[in-house]
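Trainee: Residue-level listing of the chains:
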Amino acid sequence: MKKALSLILIISILLLQSCELFYPEQPLGSIHVISVGLNYKGTGIRVLRGTINDTQEIEQCLASLSTRHLRTYHSYSLLQRGGAGIDEYDQPGNAISLPTKSNVLNRISALAADLTENDLTIFNFNGHGNDDGSLILASPNPDGKIILDENNRPLDKETLLSVTELLTALANLPGKQLLILDSCYSGSFVEGSGSSVSLIEKRVFLEEAIFTYFSSTGYSPSTFVLAATTNDNYSYETGDVFHKHGRFTETLLAGLGWDHETNTLNPKIPAMKKGVLTTDSLYAYVLENQERLHASMYFSLYQHPTISGGAYSLRLF
Amino acid sequence: MRRTFLVLLALILITSNSLWSKGKIIYALDFSDSYYAAIPHFEDEIPFRSSNATSIAVGLFGYATENFSAGLDLHTMFVTPSIPFGNYQGRGFNSVGFRVRGSYQVNRRVGLFTSISSEANYYRTIKEAFISYSLQLGPQFRVFETGMHTIDITVPLTIHLRKEITAPMLGIGIRYTLGPHRNEESQ
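Residue numbers (this note's numbering), protein chains in the order written: chain A, 217 to 533; chain B, 1265 to 1451.
Honestly, the hints are just simulated from the structure, not real lab data.
None of these values were measured; they are calculated from a predicted model.
Do not rely on the hints blindly, as some may be mistaken.
[As the list claims (entries may be wrong)] Partial selection, computed: residues in chain B whose CB lies under 10 Å from chain A:
1) D1308
2) S1314
3) F1325
4) Y1327
5) N1331
6) F1332
7) A1334
8) N1358
9) G1366
10) G1375
11) I1429
[Said to hold, decoys possible] Label-pair ranges, simulated between beta-carbon atoms:
12) V1364/B / N367/A: 49 to 59 Å
13) F430/A / V1364/B: 50 to 60 Å
14) E417/A / A1384/B: 15 to 25 Å
15) F1342/B / I416/A: 18 to 28 Å
16) F1306/B / L321/A: 23 to 33 Å
Beta carbons are placed, not taken as given, at the ideal position from N, Cα and C, and that holds for glycine.
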């Protein structure tokens, strides 16, 4: 009996030695948000009526959350919202804030000087995605027209920001990065983690998991992705008439506690678990609630959100 | 999967006959709770992250002699997300796998056991899977014994080998064994 008690005592002491209890925890760093949204009015391609709401409300919501959790917050918006008419492009004077490829990449690289290793950069995109995952951005031409080929792909590559270009630009920043993408084929940004295998749309995994275990690819938790859909599927907007959103972003905002009718942050953050909001808790909320929230209108339209794999989730607040 | 299940079922049915004869086939049920220290192979803010691991194993069939026993266990494990620290939190996951377990009874009260296993693991929240391997050893202390039933308190020390993490685990458990644990004729 004495031996058993001694063992229990030793184990209890070992438990109390856990790193988290003895390492001094630094406060979380500042948050930098780059918001990119396009509704494509006047560009000649299909207009999206929820994207600007998405971009603006995500930005406001993150600002409110940062204030509540005493985090330093900076935001940079690049919006293409068009003119008053449905076919009217943005005024030429707004060129500097238009989400062209060069403006977006310059904005990202300009951030580097302000960031520390403890800071978090969030890149949020709401707009069209090409079938290779590339984000369709504003044309550098003054008329804003985006010409498509016979397969509905933009002819001008300057309107496409590819997966590699964006991930490389973000990987060059100090600190941690989170991409929130609500566009078709956005799952293309969720690269294999190098340590685990996604089971979304997959049943057989053992062979691939064994191959991954013994492969030379490594895992590094710095850039995380939350994407609206898989790499081979569309992302849809809600059916609302007056105040549209992307289905994914609307659920994401609900998980963050955002009331988009009053544009205020609720006291309760539904996706927060035990006082901590992580990419995983947010993703779990979206998975659980997206279909329920939109089931009546979009029962048959498949859209499965995706997230970066691997051992860690990213803590947001 | 179905074929594997049928083969296992057949083996259990064949071997279960020995429970009621003078044979030495044993079955077991094992429960343990461990402290799980995830040591990353990549750069992190702290040397390791802490979780809790609960393990349940069923000894599908084993063989026992006077002092030795060996068997095949189907084991499952539930690892909680780590304590949040800094910018990250280790993801929680469930495991299922097979392990080969052996034990040696030093005397009537104290024994040693060891096992080697492979598992398929599933990150609950994000629908991702990975495989891992485990090595385990530790002492076991017999607290109850009849002709057909034994209960041991175990102190398993486990090394969980994941691709990007090595996780030592230390815990306490209980193992129930059904079957003739000793050769009664020799006593």
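Trainee: Tell me if the interface restraint on F1325/B is satisfied: Cβ within less than 10 Å of some Cβ in chain A.
Mentor: 23 Å, violated
Trainee: Should the hint that A1334/B touches chain A count as held when the rule is a Cβ pair under 10 Å?
Mentor: 25 Å, violated
Trainee: Identify whether the interface hint at Y1327/B stands, where standing means a beta carbon of chain A within less than 10 Å of its own.
Mentor: 28 Å, violated
Trainee: Does 23 to 33 Å hold as the CB distance between F1306/B and L321/A, or does it fail?
Mentor: Taking Cβ atoms as reference, F1306/B and L321/A lie about 27 Å apart, which means the hint holds.
Trainee: Under 10 Å, Cβ to Cβ, is where I1429/B needs to be relative to chain A, so tell me if that hint holds or is violated.
Mentor: 6 Å, holds
Trainee: Given D1308/B as an interface hint, is the shortest Cβ-Cβ distance to chain A below 10 Å?
Mentor: This interface hint holds because 8 Å falls under the 10 Å limit.
Trainee: Given F1332/B as an interface hint, is its Cβ closer than 10 Å to any Cβ of chain A?
Mentor: 23 Å, violated
Trainee: Taking the CB of V1364/B and the CB of N367/A, does the distance hold inside 49 to 59 Å?
Mentor: 55 Å, holds
Trainee: Less than 10 Å between beta-carbons is the criterion; does N1358/B satisfy it with respect to chain A?
Mentor: 12 Å, violated
Trainee: Between F1342/B and I416/A, does the C-beta distance stay in 18 to 28 Å?
Mentor: With a Cβ separation near 22 Å, F1342/B and I416/A satisfy 18 to 28 Å, so the hint holds.
Trainee: Once the shortest beta carbon distance from S1314/B to chain A is found, is it less than 10 Å?
Mentor: At about 4 Å, which falls below the 10 Å cut-off, the nearest Cβ of chain A leaves the hint on S1314/B intact, so it holds.
Trainee: Does the closest beta carbon of chain A sit nearer than 10 Å to the beta carbon of G1366/B?
Mentor: 22 Å, violated
Hint compliance for this structure: hints 3, 4, 5, 6, 7, 8, 9, 10, 13 are broken, all remaining hints hold.
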